[in-house]
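A.B. asks: Letter by letter, the chains look like this.
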Amino acid sequence: VADPQPHWLAVLGTPGPIAVDLGELGGHVLNGLGMGAIFAFIALGYTMVYGIIKLINFAHGEFFMVGAFTGYFVLRDLELERLDLPQPLPVLLPFLAALTAASRASGTLAVVTERLAYRPVRRAGRIAALLTAVGVSLLLQNLAIQAWGAAGRGYPDPRTWVSVDAIPDPADANYWVRRVTVTTVGATVTDQDRVIVEGQPVTAQDRQRLREGGHAEVYRRITLSKETMQGFVLLALALWAPVLWFLVKRTRLGKAMRAVSEDHDAARLMGIPIDRVVSATFFLGAFVAGVGGVAYCATYGQVEPLTGFLPGLKAFVAAVIGGIGSIPGAILGGLILGVTEGVVPYLLREAGWEDALAWKHAIAFAFLILILLLKPTGLLGKAVREKV
Amino acid sequence: MPAAGPCALAVQLGPDAFWWTSVLVLVGIYALLGLSLNLINGYARMFSLGHHGFWAMGAYAAAWWTLQHREALPDVGVFLASCAFAMAVAAAGGLLIGIPCLRLRGDYLAIATLGFGEIVRIAIQNSDRATLGGSLGLEVPRALMAVTRETRGEFRLLWVGIVVATVALVALLVRNYVRSPRGRAMLATAQDEVAAGLLGINPVRSKVAAFAIGSTLAGLAGALYAHYSGFITPLDFTFMEMVKIFLVVVLGGLGSISGCILAAFLLIYIEQALAVQGSEVVPVLVPRLPAEWTWVKDWWQVEYALILVLLMIFRPRGLLGPRELPEVVRDLARRLLRRRGRARA
Chain A
1 VADPQPHWLA VLGTPGPIAV DLGELGGHVL NGLGMGAIFA FIALGYTMVY GIIKLINFAH
61 GEFFMVGAFT GYFVLRDLEL ERLDLPQPLP VLLPFLAALT AASRASGTLA VVTERLAYRP
121 VRRAGRIAAL LTAVGVSLLL QNLAIQAWGA AGRGYPDPRT WVSVDAIPDP ADANYWVRRV
181 TVTTVGATVT DQDRVIVEGQ PVTAQDRQRL REGGHAEVYR RITLSKETMQ GFVLLALALW
241 APVLWFLVKR TRLGKAMRAV SEDHDAARLM GIPIDRVVSA TFFLGAFVAG VGGVAYCATY
301 GQVEPLTGFL PGLKAFVAAV IGGIGSIPGA ILGGLILGVT EGVVPYLLRE AGWEDALAWK
361 HAIAFAFLIL ILLLKPTGLL GKAVREKV
Chain B
389 MPAAGPCALA VQLGPDAFWW TSVLVLVGIY ALLGLSLNLI NGYARMFSLG HHGFWAMGAY
449 AAAWWTLQHR EALPDVGVFL ASCAFAMAVA AAGGLLIGIP CLRLRGDYLA IATLGFGEIV
509 RIAIQNSDRA TLGGSLGLEV PRALMAVTRE TRGEFRLLWV GIVVATVALV ALLVRNYVRS
569 PRGRAMLATA QDEVAAGLLG INPVRSKVAA FAIGSTLAGL AGALYAHYSG FITPLDFTFM
629 EMVKIFLVVV LGGLGSISGC ILAAFLLIYI EQALAVQGSE VVPVLVPRLP AEWTWVKDWW
689 QVEYALILVL LMIFRPRGLL GPRELPEVVR DLARRLLRRR GRARA
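Line by line, the protein sequences give chains A and B. Per my numbering, the very first residue in the first sequence carries number 1; after that it's consecutive. Per my numbering, the very first residue in the second sequence carries number 389; after that it's consecutive.
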């Protein structure tokens, strides 16, 4: 493969320093909004599934992770440049393909999971269902560790992998091993010698060893500016939220979903195919989470089997803050949580608490407890009156 | 406590006994955690996911107390005082989170307590290196006896004794509490809060009591864990541990004491027996898998999760259901007898 083409951001027009100086606080708000939009993407799935079968789907973060990994493989291995398309297609298409594949992979996984694990316990009570979800989450995490290794991998730029000899700037630490193809040393290479494995950053020594030992392909870690990605995520949320809202409020499927959520038995008696509706809900929720997964990993430049855990937990918190079961609530909760997490530690640090940033996650949970104490069913949640 | 004098009994444990004692102590600690969570989730029917937080509070409180009194060690008094301190700290934590959060219901309570558990862990992680060790962990001085190569066996046996005694005591306490007037008030509140209120029961009080007792006992488990392991880190108290405790309660059948202990045993045994596969010596009473089955060890976390999911699918109400062990045995015996009687007739 020849010298990589100019970096694709150059194609889109390199973003100079943003003309409007938002100031530091504005930067934190924007950061928080970007993170919050990702929370919202995940929270949508939590809230839809909870709304329909009252299950905290702990495995939702893993659907997100699988989506992110799917996107990783598509971005890394889709060799679109062979088609010789005009710019900027060779850089935009892989992203579109990654998002499409990721959302479908997550969605499919969710449907399969629902069918195999959740449906058998749906009648067995909430606690059994919850533990099943936790078990599925652990299972998927550990399967991913077995399949892809526990170490984090750099998230790839589309179409920028090259042969190891062709890394343009030897000092560039953003290249990661894609695959080691042939070793001239052949059979004498033991596992200990093959220190360089797929999905590892390439160091200077590695480069030397790879050059001697055979042929390796490397890819470039994604180097988008955070602002670009956050802008993209917010844009995607703005596109997706109305679509979901429309689906739930204005289509037959949405009507069926709302009916099942209201009363399972009555819905069944009205001829609604409950199982199909539940499957569809899982698919939709995970579909959106897959988009979020690619966006999240592209923003932070890394993917690993545990990628889904913390964002998943946070997104669940976001769904609860917004009032679980409510779609606008999930979006609102996600954005509020993101901004709180971005801004409050910063303000606390300004106020003289130096470690405030390390307490970021604790602050998010404390915020959750506070909101729940003020509004016990979340911001937009329905208060259920207890009947006697 | 056995003084480490020349006349002290020098116990040497073989590798089998060594493995089994460590398993038994772990079983005891998880049984304690299960029993305490059972009080909250099983009997009082409050959905709490913050137990790892109380456990961590107990462990760190005991460690802190022991460190403050390290000159006096080894001393039984310090050990007991540290346990009492741990229970007090965990109880305070339970009241702190319990009183405001008991307005919440069901899953909202679950997520609020989960948030609390995570806050505790993050707080420990960010704590001062000198006092609580921060993210690197904290070494707990041995309060009861110095542990060397020679006294290791003695130490293990002592701990098996302590843990077994504590579990028995706590099981008795939980049983008696549930049967006491207050316990019955708690059960009534769990059934129907409004109806219980109409019967003159103060639902808030019985809920807070269940929460406080549960967290106190978790604090005790934490103290025992800290003293036994001798080294604690925030990573010992992650959400994964919460899942394990919860699993003990659910597998045991929500609201069953003997089931809880049995489930703790099974869980730890399976976990440790899978983890020990592939090592040179496999302890007695652990089936040795064929050597070429290396995947059993490589994939054990996957298998563990799979077992969890399958158990939930096929035994969603726990191994025994919400019944005590003697009841189950009696039932089984009766069914066998009846079958034999029918065969004869």
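Hint data in this document are derived by calculation from the structure and do not stem from the laboratory. Note that the structure is a prediction, hence the values are computed from the model and not measured. Keep in mind that a hint or two might mislead.
Derived CB-CB ranges, DEER-like [unchecked claim]:
1) ASP463(B) / GLY23(A): 53 to 63 Å
2) GLN456(B) / ARG258(A): 56 to 66 Å
3) ASP580(B) / LYS249(A): 32 to 42 Å
4) ARG276(A) / LEU724(B): 37 to 47 Å
Cβ atoms here follow ideal geometry from the backbone N, Cα and C, with glycine treated the same way.
A.B. asks: Failing hints, ascending?
C.D. replies: Violated hints: none; all satisfied.
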